[in-house]
Amino acid sequence: MATLKIGLSFLNIGDYGQARISFQSVIRSDWNDHIKYQARVGLARVYLTNLQYEEARDVLEPVLVNAAPDVAAEAQFLVGKSYQD
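Heads up: the sequence shown begins at 1 in this note's numbering, then just goes up one per residue.
These aren't lab readings, by the way, just hints derived from the structure by calculation. A hint or two may mislead.
[Claimed, not checked] Across the chosen pairs, the derived CB separations fall in these ranges:
{"id": "1", "residue 1": "Y83", "residue 2": "P62", "range": "14 to 24 Å"}
{"id": "2", "residue 1": "D70", "residue 2": "T49", "range": "17 to 27 Å"}
{"id": "3", "residue 1": "D30", "residue 2": "Y83", "range": "12 to 22 Å"}
Being a predicted model, the structure only gives us computed values, none of them experimental. The beta carbon of each residue, even a glycine, is placed where N, CA and C say it ideally should be.
Let the sequences and hints guide you as you build the complete structure.
As structure tokens, this is what we get:
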């Protein structure tokens, strides 16, 4: 959980490289799926910031299908955003 919060902190200060590393670490970890889905949403935000729209959509796919409604709703918003930019 701490690594997820660190990733969010890096994202908030604009250090997208470190945020990406933190989120990917959480996704590869043994954390529960809810935490991993939140990390995927964070990683998608990094990809969107870097104009990597397809990568953002790919990382969000499992979130849309399996995550709790609040996380899935945020993922759906980001997928829509990926088509706007």
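Consistency of the hints with the structure:
1. Y83 to P62: 14 to 24 Å: Hint holds: Cβ distance 19 Å, inside 14 to 24 Å.
2. D70 to T49: 17 to 27 Å: Given about 22 Å between the Cβ atoms, the range holds.
3. D30 to Y83: 12 to 22 Å: violated (34 Å)
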